[in-house]
Each structure stands twice: as C-alpha cells, then as structure tokens.
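Novice: Each chain, written out:
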Amino acid sequence: MKCILILKECSHTNLNKIMKKINNAKLRCKIHRKEILNLSQKVQALHIGGSFSSVEIVDCIYNICMKKKDKFILSKGHAGIIQYVLLYYLKIINRKELDSYCQKGGYLGVHPDVGKKGINASTGSLGHGLGMVSGMALAKKDSTYYVLLSDGELHEGSVWESALIIGALNLTNIVLIVDNNDLQSSTRASDTHPNLYPISKKFKEFGWESSDCNGHSSEEIFKKIKSRKGKKPFALIAKTIKGYPVSFMKNVALWHYRSPNENEYKQAIKEINNL
Amino acid sequence: MRNIFAETLYQNAIKNKNIYVVVADISIAGNMLNFQKKYPRRFINVGVSEMTMIGMCAGLALEGKRSFAYTIANFTLYRPFEMVRNDLCYQNLPVTIVGMGSGTTYATLGGTHITMEDISVARSIPNMTIIAPSDPLELKQAVDYCCNKSNSPTYLRIGKSGEKNYTQVSKEKWQFGKIRRIIEGKDICFLTYGNIIRKSFTAAESLMKVGIKSSIYSCSTLKPFDNERLKKIFKKYKYIVIIEDHSIIGGLTEIVKVSAFENKYSGNIQSFSLQDKFINNYGSQDDLLDSHGLGDKKIIKSTVKFLKKYE
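As given, the protein sequences belong to chains A and B, one line each in that order.
Residue numbering for the first sequence is 1 to 275, as defined by the numbering used here.
Residue numbering for the second sequence is 1 to 311, as defined by the numbering used here.
Since the hints were made in silico from the structure, they are not lab data.
Some hints could be false.
Chain A side only, calculated, beta carbon under 7 Å to chain B, not exhaustive [said to hold, decoys possible]: (1) Val114; (2) Ser125; (3) Leu126; (4) His128; (5) Gly131; (6) Met132; (7) Ser134; (8) Gly135; (9) Ala139; (10) Lys140; (11) Glu161.
Every residue gets a Cβ at the ideal spot worked out from N, C-alpha and C, and that includes glycine.
Turn these sequences into a full structure, and let the hints steer you where they fit.
Specialist: Structure representation (structure tokens):
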C-alpha cells in the first residue's frame with residue numbers, strides 16, 4: 001500500500017509494471033545468488049560476502065530504477081560478479097561471457113573494466129567511483145547516475161572530497177547507495193571507525209539528501225530512491241548483512257574473499273531454495 | 001606559459017563546446033578568468049581536492065567530453081597518482097593534466113613543490129603521453145593538439161610566467177611526437193625540452209665565440225619518443241649534450257642513453273640533469289639549478305672540456 005502511494009505519479013500501466021517487478025524481486029534475487037554460487041565452483045576468489053550483501057540493491061537499480069539513458073557504476077568493484085550476473089540476466093552479456101569469469105582468456109575479471117559490455121567505468125581500487133561519477137553527472141545532466149559504494153570504502157578520503165564538491169555543485173542526478181554491511185575484509189567498520197556513524201548524517205552535512213533503508217528489501221530500496229525530493233544529490237544508506245542470507249556466511253569476514261567448497265555450496269543452495 | 005595555456009584553451013573552448021577545465025584552487029587570471037565567466041558550466045573549481053579533480057575529468061571524458069585538469073605540477077600528478085593511473089591511463093581517456101610550474105620553477109617553496117621526478121613517474125604509466133614544450137610558442141601548438149587531436153591521457157608539463165620564446169627561428173614546425181631542430185650547427189648537438197632550453201642557447205652562444213657550432217633540438221614530446229629522429233642525430237653528431245630540469249632517473253638522459261646503447265652509438269654523451277637528491281635549498285630557479293650542477297658557467301666549461309677530451 002505504501003509503495004502504491006509512492007508510485008502515485010506513475011501511469012497506471014507503469015505502476016502495474018513496477019509493482020510486478022518489485023513482487024518478483026525476491027525470486028530474481030534467489031536466481032542471482034544461485035548464479036553466483038554456481039560460478040563460485042570454478043574460481044578461487046569470489047568476494048561472495050560483499051556480493052551477496054549487494055544483490056537486492058543492484059537488482060533494484062537495474063530492474064526497477066534505471067531508465068534507458070541512466071547509468072550504473074559499481075564503485076565497490078570487488079563485487080563485480082553481481083553486476084555481471086545482472087548484465088547476463090538483462091541479456092547484455094551472454095552465457096559464454098559470464099562463464100568465462102576469471103578464467104584464462106576470459107571476458108570478465110573480478111573487477112569491472114570499461115569497454116566490456118555494460119561496464120561504464122573501471123573500478124576496483126576503492127574511492128574512485130564517486131569522483132568519476134561527478135564528472136559524468138556534470139557532462140550529462142539529463143541522465144541519472146547510480147553509484148554503489150561499500151561502507152568500508154567510506155574510509156577513503158577521496159570519497160569525502162567528492163561528496164563535498166558534489167554537494168556544492170548540487171549534482172541532483174547522482175544517486176549514491178552505500179552497502180552498509182559493516183564488515184570489511186577483516187574488521188567491522190563500527191569497531192575501527194565508530195565515528196563513521198550515523199552515515200546519513202554525514203552526507204546531509206555535506207549538502208546531500210540522505211536516507212536509510214533495509215538493503216535486503218527491494219521495495220524499501222525502490223521506495224526511498226523514488227520518493228527522494230531530488231533537490232540535492234541523494235545518498236541512500238542501505239543496511240545489509242555480508243553473506244546474506246546463507247547462515248554460515250552471514251557476518252563472517254572469511255567470506256569476503258573465499259569461494260565455498262562443494263559441501264558449503266550445496267548447503268548454500270539449499271538454504272536459498274528454502275527462503 | 002600559464003597565460004599562453006589559458007589563452008589557447010579559451011580560444012579552443014569558444015569553438016569546441018566539449019572542452020571542460022577542472023582546476024584545484026589555482027589562482028585564476030587573464031583568459032582563465034574569461035573562461036570561467038563566459039562558460040561557468042565548463043569551468044569547475046573543485047577546491048583543494050586533487051583526487052576529485054582527476055576523477056571528475058575522467059568522468060567527463062567517459063561521457064565524451066575533452067577535459068583539462070589544471071593546477072601546480074606536484075598536485076596534478078603526485079597527490080592524485082592512483083587516479084591518474086587508474087581513472088585516466090588504465091581507461092585510456094583523452095584528458096590533459098597540466099602540470100604548471102614544473103621542475104624547479106617554484107624555487108622558493110622547498111622540495112615539496114619541486115617536480116624533479118614527474119616525467120619519470122608519468123613515463124612509467126602505460127597509455128600516458130608526455131609533452132613538455134620548450135617555450136610559449138611550442139606550448140600553444142601543444143594545447144591546440146590536446147584540445148583537438150589527442151586521444152590518450154597527456155601530462156602537459158609547463159613553466160609559469162616570463163618565459164621567452166626561442167623556437168621561432170626553427171625551420172621545422174612543431175609536431176606532436178617529433179623532435180624538432182631549432183638551430184643548426186655541425187660540431188655539437190644539444191638535446192633539451194622545457195624552458196631550460198634557454199641554457200642551451202646560452203651555452204651555444206658562448207661556444208660559438210670559441211668556434212664551436214651547435215645544434216639545438218627541442219625534444220618536447222617525451223612519450224612517445226621520436227626514436228627515428230634520435231637515430232639520425234646519432235649518425236650526424238659525435239658529441240651530444242643533454243640539458244633537462246629533471247632528475248637523472250627516468251628523463252631525457254635515460255631515454256637517450258638507453259637508445260644510444262641499443263643503437264650502438266659510437267659518439268659521446270654528456271648530460272646535465274638534476275641529481276637524485278631532494279632539493280631543499282632556496283633562491284631563484286637558477287640558484288637551484290646551480291646547486292645541482294646546471295649553472296651556465298658549469299655547463300659551458302664542462303662542455304668545452306668534454307669536447308677536448310674526445311678530440
């Protein structure tokens with residue numbers, strides 16, 4: 001019902017389409033996670049934890065939020081696999097290209113590379129995406145640029161340089177989402193950087209509109225983005241769980257980088273099927 | 001040089017609406033001020049935020065714009081190095097980063113503001129192009145090139161103000177990627193770039209008085225380097241003298257000596273480069289150059305000795 005209120009500006013046909021996409025998000029996200037797990041059996045390193053925490057966010061951006069001329073930049077490039085899975089789902093890359101992930105002579109590596117189909121910027125080293133998005137948003141004011149950062153990435157000074165000038169230039173065509181899973185490769189941001197919180201307050205003080213949401217609720221992510229006032233750049237702090245929803249991966253730093261073995265793979269698939 | 005840069009950029013920006021300039025809190029005067037006033041949407045001052053300056057330029061280029069990052073040399077290249085490497089060079093974007101007041105130009109500011117290893121650093125990055133014009137006339141040509149033809153990241157290494165023109169006497173036009181002969185003499189060849197070209201002219205005049213005729217070549221494109229012309233220079237001259245306002249590591253001296261070895265050059269090379277030692281003394285630019293062995297008298301005396309040694 002709440003969502004319908006948010007969508008009051010949409011035409012009836014569009015509203016039905018969007019509602020359908022939101023209702024199907026849970027199923028889509030199951031498919032995406034299983035796709036990632038299948039790929040995991042061929043590679044040593046996968047960054048599965050941080051990819052699983054971003055599934056609903058990336059799915060929502062690609063399948064519900066983005067219009068034709070809009071672009072998505074994955075600043076937390078280590079989660080490239082979730083972007084590739086979405087690009088495959090949307091038929092932008094093919095099965096052969098997806099399956100070549102991290103293989104010898106393959107089309108895709110861990111981090112997104114510009115020039116590959118559907119990839120708008122090369123990322124991987126944290127703290128680069130927002131600066132590049134600032135230039136893109138200046139160049140094309142009628143496009144919306146969605147950029148996904150990790151909360152660990154917020155330790156990078158370059159993020160705050162960019163946030164400050166984006167606020168000053170009031171680039172309202174930027175939608176930044178923070179995957180707030182509170183777990184880097186080894187430590188919790190809330191332990192090492194307790195003063196980072198509350199994150200949304202920081203962005204507000206840098207001249208942004210900002211809001212918080214449950215990062216595993218597609219409806220809530222969409223609702224917050226759609227209902228932004230749009231008079232300032234927008235930062236959505238999406239609270240997530242690293243490794244979600246697999247019981248033995250959730251909030252365990254080991255899964256930042258590790259690929260599951262056969263037994264773990266089977267267990268993870270089972271848990272996702274039972275959701 | 002900064003005025004010529006601003007003037008040339010502004011003239012190009014009038015014709016080409018895709019030209020953007022992103023500055024990091026650099027003082028704006030002359031035509032840069034005109035650029036800001038006339039095209040405020042294409043002139044962005046990000047403040048003291050060099051990483052964002054480079055990232056923003058990359059983003060503009062990713063969307064088809066031609067962007068210039070402009071501030072003092074150490075802040076365009078050193079501070080945001082990873083952005084230069086990843087955002088510009090790895091993505092191979094046509095962004096020009098302008099290093100103003102390069103080398104020993106900021107002679108009173110201390111070692112933090114001296115860029116004695118910038119070419120070495122920039123040269124080592126794949127896709128990077130480096131242009132260091134020898135005078136304001138060459139700079140104008142280089143800026144026109146960067147505004148219209150360049151298709152890769154470029155480090156444009158320039159001076160600050162008050163530089164004289166030397167290259168107007170050349171019979172050869174400035175061309176990107178080409179070594180250019182400025183004056184011709186049969187006895188000895190000076191290879192140089194940047195505003196330190198003045199020291200080659202000073203030396204050439206003194207040598208002329210003792211009957212030694214000098215050629216001076218401007219090697220303003222440091223990368224890609226014009227190795228074909230260099231091979232011809234090896235064939236033509238028995239004595240080569242290199243003068244550069246840059247460290248002995250990774251600059252023109254290294255380029256020429258590596259090529260001389262590869263081409264089995266049988267002549268003799270003498271180089272005047274900054275030593276591999278931080279500069280932390282003050283004074284005029286010439287004072288700093290003197291302290292690293294690049295004083296006019298030293299260059300002339302050493303060159304005469306060099307010629308006699310191999311006679």
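Novice: Evaluate each hint against the coordinates.
Specialist: Evaluated hints:
1. Val114: Since the shortest Cβ distance to chain B is 5 Å, the answer is holds.
2. Ser125: 6 Å, holds
3. Leu126: 10 Å, violated
4. His128: 6 Å, holds
5. Gly131: Holds, because the Cβ-Cβ distance from glycine 131 of chain A to chain B comes to roughly 2 Å (cut-off 7 Å).
6. Met132: 4 Å, holds
7. Ser134: Holds: closest Cβ of chain B sits about 5 Å from serine 134 of chain A, inside 7 Å.
8. Gly135: 2 Å, holds
9. Ala139: 4 Å, holds
10. Lys140: 5 Å, holds
11. Glu161: 4 Å, holds
Going down the numbered hints, you'll see the structure goes against just number 3.
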